[in-house]
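Taken in sequence, the protein lines are chains A and B.
Residue numbering for the first sequence follows our numbering, beginning at 1 and increasing consecutively.
Residue numbering for the second sequence follows our numbering, beginning at 322 and increasing consecutively.
Bear in mind the hints are in silico, worked out from the structure with no lab data behind them.
One or more hints might be untrue.
To be verified - Which bits of chain B does chain A cover? Going by a derived footprint, with three or more residues having C-beta under 8 Å, they are:
no.: 1; stretch: 398-410
no.: 2; stretch: 420-429
no.: 3; stretch: 584-594
Unchecked claim - Interface residues of chain A toward chain B, partial, derived using beta-carbon atoms under 8 Å:
no.: 4; residue: V30
no.: 5; residue: G34
no.: 6; residue: T71
no.: 7; residue: D80
no.: 8; residue: H84
no.: 9; residue: T87
no.: 10; residue: E88
no.: 11; residue: A91
no.: 12; residue: V97
no.: 13; residue: L98
no.: 14; residue: W191
no.: 15; residue: L253
no.: 16; residue: P269
no.: 17; residue: V270
no.: 18; residue: A273
Every residue, glycine too, gets a C-beta built ideally from N, C-alpha and C.
Number of protein chains: 2
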Amino acid sequence: MAEKVTIADVARHANVSRQTVSNVLNSPEVVKEGTRQRVLAAVETLGYRVSAAARQMRTGRSRLLAVRIETTQDGMNVFDRFLHGLTESAARSGYRVLLYAAGDDRAEIATIDQLLGEFEPDGFVLTSTHHGDPRASWLAERDLPFVTFGRPWGAPAAGHPWVDVDGAAGTESATRHLLGEGHRRIGFIGWEAGSGVGDDRKAGWSRTLAAEGLDAGLTLETDGSSAQGQAAARELTGRGATALVCVSDSVALGALQVLPAVVGFDDTPVAAAVGLTSLGQPLAEAAAHCVDLLTGRLSGRPAAAHVLLTPSLVIRKEPRS
Amino acid sequence: MAEKVTIADVARHANVSRQTVSNVLNSPEVVKEGTRQRVLAAVETLGYRVSAAARQMRTGRSRLLAVRIETTQDGMNVFDRFLHGLTESAARSGYRVLLYAAGDDRAEIATIDQLLGEFEPDGFVLTSTHHGDPRASWLAERDLPFVTFGRPWGAPAAGHPWVDVDGAAGTESATRHLLGEGHRRIGFIGWEAGSGVGDDRKAGWSRTLAAEGLDAGLTLETDGSSAQGQAAARELTGRGATALVCVSDSVALGALQVLPAVVGFDDTPVAAAVGLTSLGQPLAEAAAHCVDLLTGRLSGRPAAAHVLLTPSLVIRKEPRS
Chain A
1 MAEKVTIADV
11 ARHANVSRQT
21 VSNVLNSPEV
31 VKEGTRQRVL
41 AAVETLGYRV
51 SAAARQMRTG
61 RSRLLAVRIE
71 TTQDGMNVFD
81 RFLHGLTESA
91 ARSGYRVLLY
101 AAGDDRAEIA
111 TIDQLLGEFE
121 PDGFVLTSTH
131 HGDPRASWLA
141 ERDLPFVTFG
151 RPWGAPAAGH
161 PWVDVDGAAG
171 TESATRHLLG
181 EGHRRIGFIG
191 WEAGSGVGDD
201 RKAGWSRTLA
211 AEGLDAGLTL
221 ETDGSSAQGQ
231 AAARELTGRG
241 ATALVCVSDS
251 VALGALQVLP
261 AVVGFDDTPV
271 AAAVGLTSLG
281 QPLAEAAAHC
291 VDLLTGRLSG
301 RPAAAHVLLT
311 PSLVIRKEPR
321 S
Chain B
322 MAEKVTIADV
332 ARHANVSRQT
342 VSNVLNSPEV
352 VKEGTRQRVL
362 AAVETLGYRV
372 SAAARQMRTG
382 RSRLLAVRIE
392 TTQDGMNVFD
402 RFLHGLTESA
412 ARSGYRVLLY
422 AAGDDRAEIA
432 TIDQLLGEFE
442 PDGFVLTSTH
452 HGDPRASWLA
462 ERDLPFVTFG
472 RPWGAPAAGH
482 PWVDVDGAAG
492 TESATRHLLG
502 EGHRRIGFIG
512 WEAGSGVGDD
522 RKAGWSRTLA
532 AEGLDAGLTL
542 ETDGSSAQGQ
552 AAARELTGRG
562 ATALVCVSDS
572 VALGALQVLP
582 AVVGFDDTPV
592 AAAVGLTSLG
602 QPLAEAAAHC
612 VDLLTGRLSG
622 RPAAAHVLLT
632 PSLVIRKEPR
642 S
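Make the full structure from the sequences, and use the hints.
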């Protein structure tokens, strides 16, 4: 590589002081427009690049956003799409994504604490928020910038920025789709009550049936597995259900072994592979909003407090199973 | 948070100079054992943590390993498992994973160049190596530490460390499995010739049939889609094939619409969902080896030049489609 261009080289080339170059790079609003343009031209001509370490020492900013990498046991998740969107959106704003793994909330907090000491990320993106989630309050108490992908379930007064997908709106559109196909006895296969995401998805189904004056009693809880989804579908069809809205593609995959009129949630590759109608989350958009809310806070820009996105129903005509 | 403990606090507490503390943290071999223990005790007592920026200024090390986040169009990939393994293994060695996105090799090199200027990663993990891959030579020419997940296809003399999965051994075990079930006319559905990974997977199938004196002519190339997989399966069964080894789960999913004796590659969530027998790559192990080879080079430890792992056949009895 060519020899490193220093801030002194830029200053000499633009005929300004090193402090002015630093101001242009770190507090451009204090520099006159003409000077700013001259310095930026010198930066470009010389190919000056700010060393992360030097910049961090000077500005206290690492330009790193930290996020936990998620996994699920059945691999039927779409977190990789969110992460890809986050990486691309962060880069467009001059930030990079730092990954960490953690087995549970407690381990995640310990890891965040360690990262703060070692890498000093400028902000954090928390995913999979849930009732009694200690992570957001831990960060809030320390006044650390963060955004959550997921609402502050059970803590609606939490003042932090968040982005989420409207699960109830999703299952409402799924239920309306099945009503449009002539179904009247539409069941719901969910997770155990008490999960914010699961209860929200169930609410959209039940309110839609209630609005039509139809029975919203055909529902069962599962552990989220395809096996329990299949068993629940068998019981609900035994009780007269002709169509089922499901809390996840995993559950829906099991239900699909019992009857064809099934809608899943998340539009995973598995849904596409087996021809399952499902609700797709706008994950790239959600990731972009997360970056926007977080970098907005970091740069003092006023930004929306939260963003609620609507999932899209992906209708597939011929389930294969 | 408590006020930050500085290197000066540690020096005072251990009754040594700041240079000695720095030596203990960065070049422990130059410090006497007794002094080293006293300093480390002070570090622990005071809860001193090295700031990344300060350490990087001092040591020239960022403790960051950079890797591109991959996506595939059909979402039927297992990169997220590799990335999870990489994140965990890196953390165990005191490194963190920095993500970047890039659309092609040229964009990836530009992004790496930019990262070098901005974040100075200590090393790079390249994935999806292929014939004529310019990335490895770009890094090698600059003497930057890196490891590839994937062999240096077409450049066997490349001296860089690599980790790969033995695709030919995988399709050999798939072919032997089908032979054991009584099949004699076993076909192969691949990608277009010229792909290192695809040609390797085909080679294991053809050499196994050749060793048994059986016909290895039942083979077709596809674009990797399920649709072309299905069409190829139809043609190959028309030519007498009773079983098929496939280059990917995506292709196998299409073939499964035509006949039940199909083996895929990658053991994706889709394979599990539809009951497809498939070859699973040991991705956590591969990621751990990548970190080991790279951190070995970074710390001057002698390390293996490369590691070739064997995939496992995951046999599923009842395909659903």
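Okay, the hints, checked on the actual structure:
Counting residues of the stretch 398-410 of chain B whose CB lies closer than 8 Å to any CB of chain A gives 8, so the stated coverage by that chain holds, three being the minimum. A count of 3 residues in the stretch 420-429 of chain B with a Cβ less than 8 Å from any Cβ of chain A is obtained; the coverage claim is therefore met, three being the minimum. Taking a C-beta to C-beta cut-off of 8 Å, the stretch 584-594 of chain B contributes 5 residues in contact with chain A, enough for the three needed, and the coverage statement holds. Hint on V30 (chain A) is violated. Least Cβ distance to chain B is approximately 23 Å, over the 8 Å limit.
A distance limit of 8 Å between C-beta atoms decides the matter here; for G34 (chain A) the minimum to chain B is near 27 Å, and the interface restraint is violated. About 5 Å separates the beta-carbon of T71 (chain A) from the nearest beta-carbon of chain B, less than 8 Å, and the hint is met. With a cut of 8 Å, the hint placing D80 (chain A) at the interface with chain B holds, because the nearest CB-to-CB distance is about 4 Å. Annotation: interface hint on H84 (chain A) holds; nearest CB of chain B at approximately 5 Å, less than 8 Å.
At a threshold of 8 Å, the smallest CB-CB gap from T87 (chain A) to chain B is about 5 Å, leaving the interface hint in force. Taken as an interface hint, E88 (chain A) checks out: its beta carbon lies about 5 Å from the nearest beta carbon of chain B, inside 8 Å. With a cut of 8 Å, the hint placing A91 (chain A) at the interface with chain B holds, because the nearest CB-to-CB distance is about 7 Å. Taken as an interface hint, V97 (chain A) checks out: its beta carbon lies about 4 Å from the nearest beta carbon of chain B, inside 8 Å.
At its closest, the beta carbon of L98 (chain A) sits 5 Å from a beta carbon of chain B; the interface hint therefore holds under the 8 Å criterion. Of the supplied interface hints, the one on W191 (chain A) is violated, with its beta-carbon coming no nearer than about 19 Å to a beta-carbon of chain B, more than 8 Å. A distance limit of 8 Å between C-beta atoms decides the matter here; for L253 (chain A) the minimum to chain B is near 5 Å, and the interface restraint holds. This hint holds: P269 (chain A) has a C-beta 4 Å from the nearest C-beta of chain B, less than the 8 Å allowed.
The closest approach between the C-beta of V270 (chain A) and any C-beta of chain B is roughly 4 Å, which is under the 8 Å cut-off, so the hint is satisfied. The interface hint given for A273 (chain A) holds, since its Cβ lies 4 Å from the closest Cβ of chain B, which is under the 8 Å cut-off.
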